[in-house]
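Knowing the structure of chain P, use the given hints to seat chains L and V on it.
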Amino acid sequence: MKRRDFLKVISAAGGAAVAQGCSPAPSETLIPYLVAPDDIVAGEAAFVATTCRECPAGCGVLAKTVDARVIKVEGNPEHPVNRGTLCVRGQASVQSLYDPDRFRGPLLRRGDGSYQSMSWDDAEAALAAKLREARARGTGRVAWIGQLATGSFERLTREWLALVESDRRLFCETFDHEPLRRAAAMVMGRAEIPTYRFDEANFVLSFGADFLETWMSNVEFTRQYAALRRRRATDPFGCFVFASPRLSLTGLNADGWVAVRAGAEAALALSLVHAIVADGLSHESVRPHLDWVRSLVAPYAPEALTAITDVQPADVHALARQFTTAGPSLAVGGGAATRDPHAIDLEVAVLLLNAVGGNLGRTVTFGGGSALDGLATRDEILDLERALAHGNIDVLLVHHANPAYALPGGAFESALARVPFVVSLASTPDETTAQAHLILPDHHSLESWGDYAPRAGVAGMLQPAMAPILSTRASGDVLLNVARRLDAERAMALGPGDYASYVSRFWGALSPSDQAWTDALKRGGRYSNAAPVAAAMRDFTGSFPAVPLPDSRPAGSLTLIAFPSPFLYDGRQANDAWLQEIPDPVSRTVWNGWIEIHPDTARRLGLAQDDVVGVQSASGSVTTVVRLYEGVRRDVVAMPLGYGRRAPLRNAQARGARAAALLPPDGSSWRVDGVSLVRQGRRRLIVLQAETEMPPGRPPMAQVIRPSAAAVARERHLPADLYPPHAHREHRWGMAIDLNACTGCSACVAACYAENNVPVAGERACAEGREMSWIRIERYDAPRVPASGVRRFESVFLPMLCQQCDEAPCEPVCPVYATYHNPEGLNAQVYVRCIGTRFCSNNCPYKVRRFNFSRPSWPSPLELSLNPDVTVRSAGVMEKCTFCVQRIQAGKNVAAREQRPFRDGDVTPACAQTCPAQAIVFGDLNDPASRVTRLSQDRRSYHVLEELNTRPAIAYLKRVVPE
Amino acid sequence: MRAEGPQQPIDFSHRAHYVADNLDCEYCHSTARRAALAGVPALERCMGCHRFVATAHPDVAKLTRYWDRRAPIPWVQVSVVPRFVHFTHEAHVRAKVACAECHGPVEQMDRVAAAHDLTMGWCLQCHRQRRAPVDCLTCHY
Amino acid sequence: MPGQSLTVELHRVTDDIFRTFTWSRVGWFAYWGSVGLCGYGWSIAGLLWIQQIYSGLQVTGLNHPVMWGFYITAFVFWIGVAHSGTFVSAILYLFHARWRTSIARAAETMTIVAVMTAAIFPVLHLGRAWRFYWLIPYPNERGLWVNFSSPLIWDAFAVATYFVVSVLFWYLSLVPDFAVVRDRSGGRQRAIFRRLALGWSGTAGEWRGFRRAYGILAAIVTALVVSVHSIVSWDFAAAIVPGWHSTIFAPYFVAGAILSGLAMVLTLVIPARFLLGAQDYVTVDHLENVGKLIIVMSLILTYSYVMEAIFSVRDDRPFTRSTFLFRVTGDFWPLFWTTIACVSLVPLSLFRRRVRRSLTALFCISLLINVGMWCERLMTIVTSLAHDFDPSVWGTYRPSVFEWTIVGGSISWFLFWYLLLIGHIPAVPIAETKQNLLESHRG
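Line order of the protein sequences matches chains P, L and V. Heads up, the first sequence is in our numbering, so the first residue is 1 and it goes up one at a time. Heads up, the second sequence is in our numbering, so the first residue is 1 and it goes up one at a time. Heads up, the third sequence is in our numbering, so the first residue is 1 and it goes up one at a time.
Errors might be hidden in some of the hints.
[What the hints assert, rightly or not] Think about it this way: if two alpha-carbon atoms lie no more than 16 Å apart in a straight line, the pair counts; the simulated EDC-like pairs of lysine to aspartate or glutamate are:
id: 1; chain 1: V; residue 1: Lys434; chain 2: V; residue 2: Glu9
id: 2; chain 1: P; residue 1: Lys64; chain 2: P; residue 2: Glu44
id: 3; chain 1: V; residue 1: Lys434; chain 2: V; residue 2: Asp16
id: 4; chain 1: L; residue 1: Lys62; chain 2: L; residue 2: Glu44
id: 5; chain 1: P; residue 1: Lys892; chain 2: L; residue 2: Glu90
id: 6; chain 1: P; residue 1: Lys892; chain 2: L; residue 2: Glu44
[Said to hold, decoys possible] Pairwise CB distance ranges, derived in the manner of DEER restraints:
id: 7; chain 1: P; residue 1: Arg729; chain 2: L; residue 2: Arg33; range: 26 to 34 Å
id: 8; chain 1: L; residue 1: Leu23; chain 2: P; residue 2: Trp120; range: 42 to 50 Å
id: 9; chain 1: L; residue 1: Leu23; chain 2: V; residue 2: Ala160; range: 54 to 62 Å
id: 10; chain 1: L; residue 1: Gly5; chain 2: V; residue 2: Val401; range: 34 to 42 Å
id: 11; chain 1: L; residue 1: Arg33; chain 2: V; residue 2: Leu47; range: 53 to 61 Å
Derived from the structure by calculation, the hints contain no laboratory data. Backbone N, C-alpha and C define an ideal beta-carbon position, used for all residues, glycine too.
Just chain P, with the same shape it has in the complex:
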């Protein structure tokens, strides 16, 4: 495509919806193209295949562009990692693209600490000069610390550093899974991240690994896990047990909860191995190893470890049976347990578990070539930190990494201060950039060329979905230009042209029209199946240190554990307004951080919900807000990572507290013992949807079903009406939502924000109950401690959106027909007709209508992300979900264009499209063959508040919970 032409865009529809939605447009100006690009029709959507770089999972995305502006991202159906779906953070990547706080251009720090903007030429010249000096002073005086990169950029940085006589290059990720690699090296002799197949397993046991939110590749794992749940829906014992001191979002999805003491996860895992071996449950494949394994785990009899793990031996034995009889099963370890003195022990134990469970080679394979294998180890980082502190580094380049914030303590920050020249290639301000002398803002990944291969056989492509909106420059080009300034002839090695051509050369493209190359551009990469290599466990008795018992704590002392925030990840996306506004699935909070405390503990400490508390540990102290949560042990308090940013980011700065400040400065652990909490009096309301337990006597909103009841046919509520039923001649749009698959990840919510121009209300409005989201994730818990067996925490997530009732209470009460029942079964909402009596919202039992209490606003350049197909609502108007009616109209239009009848799957609303678990199915209820029709007749299907006789078009499928 002719990217230069993007700048000259006609804007009849492009900017159309943007300004004031509900006011007639004045006569506008039509700005035509100079040269019409062949593949762009004004006002029509075009999709560009690229790769999401918000986290190392590397999902493939299709960027939806209208008039050469990205307005939304969706998963790339061809991409093996995410198969067309995206998580909440991926959906929000559009927000970081149009982030109002992005650097507008290169900046140079003056003596007084203020920044002065400069031209790119001067900036590159300045960098080249510094590099020349550094190189003159010897080798290894230039260092690179950056976000994980593979393929062309990995090579470019390597070659480029060679040019400046250095090989100090660290790829850093906050969640690096290093213990996993070390353990694999010990047990299998392969220092690599294994490949996990949740969909091949029949039973999953997770030691704090949040594989549904942040752990490694959450979209892929969510899809696999959903497949597992569907397959094992009738399993009377459930298929997933979560062993951790705190229930994360992933944990809330588990059928059982082993509330192991913090730091004793390794001990528990080993005692499980012991139980399996002792009870003779081990898989025949480990027979040859049995002797040394038995002796290895001899000291860890469940009976002996109860005091440490706080888990009853009976439960351990029961779990051992469950883990081995289902077969193949899968054990994974992650989270705080893998940032712990016992981290490696745990991962070793987990591998052992998989070995004795006979999972190696089935649900756990090797040779996957995960990109994470390329990450720097903590020793390497500490080594660099020392080098910086001793002034051995003259020039440090930081590329989309933020160690000053992410690494616990302030050690790295002070080391950074000792570096003569720090260059930041960040595109938004962050804590590391605050110390940079020169800022060379990079393009956003949606504006960039490049590639990323999350694992062997999956080479993802990055190509610009639009021209850069700011005066930024691709870091690749910066490196090339600087190299040429530095040393023209040695730079020849890097080849001619800009970084784009460097990438295409790397991809072996002979010419821009090269078939393989254009094919990769279309499909967003090259995909093949890398066959796993055969790997065998070996006797590592010698190298395995006996697990020391976790330090015994005085009774009543509190342990703090930090956990990755499902939305902000490690804090890199903290400035994306959607991620601040969508309630955290576990704490229900918005626009703020929190600390989770068990109600009993809070009572003991005299703390109440929403209290502001000071948290004190050996390393430091912070102030945050109390959230009562029965999903943490009584001796544990938990805080999310990713809050308490200091950088000048309008949505993130000083929101919540930086948990890392409380952790041991050496970064060895996300667990710190002996923390103290002090009430600071003030209360701060930061929560939406406070209720998570159904008040007694009411019909449950989110219903569950026991496998034994599986055969029972559902009892239908008999409708009785005075009026004749609506005739839906052509279509009757409907939806089916499988609560057994929904994990509460909230990706659908973010997708809805993006698709429907849902405005962001902000913290104050949220506190006043004026958030605008059209779809919300409700959660209902039924905590229970059964007489025997592991604890249960039956949580059901309920995506609540407009039910498009057939007998809608909202319709008759509208005095002006702004809402009415349309011929296709939608509760239409005509924004221009609405005068804002708000009676419809009062009369809606599901409370899914949203009222514009104020004029919505999008800080520039966020208005560019608005969807022109959806009217922007004005103040005083009611708005709501209509199953993405703009997509329905478009789908029908396509069918008409192709002169064929409407087919099932022609239309997919944004929420259903992005759902990683594919829990949401949309279609035509008039079509007996459609998936939605079949699902709504499923024995598990029910309607929320059925007895009100509203006859919703959304059928929910009950969640299956173990007997």
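This is chains L and V only, laid out in the frame that chain P set:
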């Protein structure tokens, strides 16, 4: 026919191009058949002919100046529907609605003026006659 | 008044009632002072409304899920107040309750002004108030019509009808009195009242026509008293919201309306009779009768409270029950118990004659009842919305400064027009008083 449309940056005459050169509407408004917007032709399209045709004409000279400056022409929009109306040309062309039914006899106009006020009532009467959908969601969402 | 011939008395009546037109200096200042004060009050509120239109309803305390609050409460409250006016004059007229005469004029004027006040709020609470005219069915280019199945539309019609008929009723009774004023005054006043009197000359024929017309209107208005507030109640009863969706609402709202109206009559008349020096015409006996009516209405209300409680507790669906419990014990419990105290308990004191005949007591009680009725409406509206079907979106409500000021402003708006009107018309019906006098003399 003299029509008092708004003054355009270039005195482009639809009449001249239709009558004299009998160009069809879709020759320039090329996406009317396949997209929501009929599309304002790119300068490239104009220059395609006017590199050679009527180069002496003062307005063509103006056009050429735009082209040389690489500056697009800020045409004044004549037929405006409010922003909360999602009108699509494609569907109407498919339904065999002639351009003139909404835009009037453009081919007879020198300076194009709006032939109809394009109000909702005006749209509806035609939709009713042709049994086209009159559901609000057809245009308002 | 013994020892005086009838004619003299009749003259005295006219004189006395007429005296309300001629102010003492103090009275004049007091009157215009208070009118001006009220005018100031509601113009402040008006400014806030403009601000509200500019910046949207974020200035109110309304939220999701409580979308209705003070404004709708004010609407129901003022419509309620509007009721007794016609009740007192029309229904009591049909029942030939003579004592009504003394307060009829005050009550009817109150009705009209109250409706004028109430009618503001449905517009004021709109998200896009400048589009209020879409509530009126008028032929338009869009070919769009209003939704006649929406209770809000019924409301618009009911209130409009009520207003028109009340004005006619009020004006009709004024015509003969205007004539009297016309005959006794000169200059510009005479000119004005000549027009207002519609050339009334007091012939037997005119009187016959007057009686018939008055009777018919009285009948119509009586019907409206019942219909209007029933329809207002359907704004709630027709919804499915637990605590609103109840068949008892219509009669219960009507009773409530009349009660609050009667209370408001006392609140206004007791000071007015001193201000206008009409003690002889609005006697304590008259006020005592109002007191008796109040007891009746309050008992009816208490009855419906009990009924509602029983219905909700014995409802087989849990929603209504829990809403009721929420009202009694939840965030808003003070509202509920204030209501019970002011509406059900306080009026019981009127069973004692001494209380009924003490003006201070009556005045205070009337104020308390008005407070109680306000709380009742607010409680009914807010508690139901705050805790309805979906527990995860339960909310609460706290009125904002804007709402307080605007509702406060509506009171001064009400007094403003009330004072203006009552100060320029015969505050007690002259003709009717005389007629009563004649009839009492006959035997």
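Okay, the hints, checked on the actual structure:
1. With a CA separation close to 9 Å, the supplied pair Lys434/V and Glu9/V stays within the 16 Å bound.
2. The hinted pair formed by Lys64/P and Glu44/P meets the criterion: a straight-line CA distance of about 10 Å does not exceed 16 Å.
3. Distance check on the hinted pair: Lys434/V and Asp16/V sit about 12 Å apart at the alpha-carbon level, within 16 Å; holds.
4. Note on Lys62/L and Glu44/L: the hinted pairing holds, with a Cα-Cα distance of about 14 Å set against a maximum of 16 Å.
5. Taking the CA atoms of Lys892/P and Glu90/L, the gap is about 12 Å. The hint holds against a cut of 16 Å.
6. The suggested pairing of Lys892/P with Glu44/L is violated, with an alpha-carbon distance near 34 Å, which exceeds 16 Å.
7. Look at Arg729/P against Arg33/L: about 29 Å separates their beta carbons, and that is inside 26 to 34 Å.
8. Range check, Leu23/L to Trp120/P: about 45 Å between beta-carbon atoms, so the 42 to 50 Å window is met.
9. Checked against the hint of 54 to 62 Å, the pair Leu23/L and Ala160/V passes, with Cβ atoms roughly 59 Å apart.
10. For Gly5/L and Val401/V, the Cβ-Cβ distance of about 52 Å falls outside the hinted range of 34 to 42 Å, so the restraint is violated.
11. Restraint check, Arg33/L to Leu47/V: a C-beta distance of roughly 56 Å satisfies the suggested window 53 to 61 Å.
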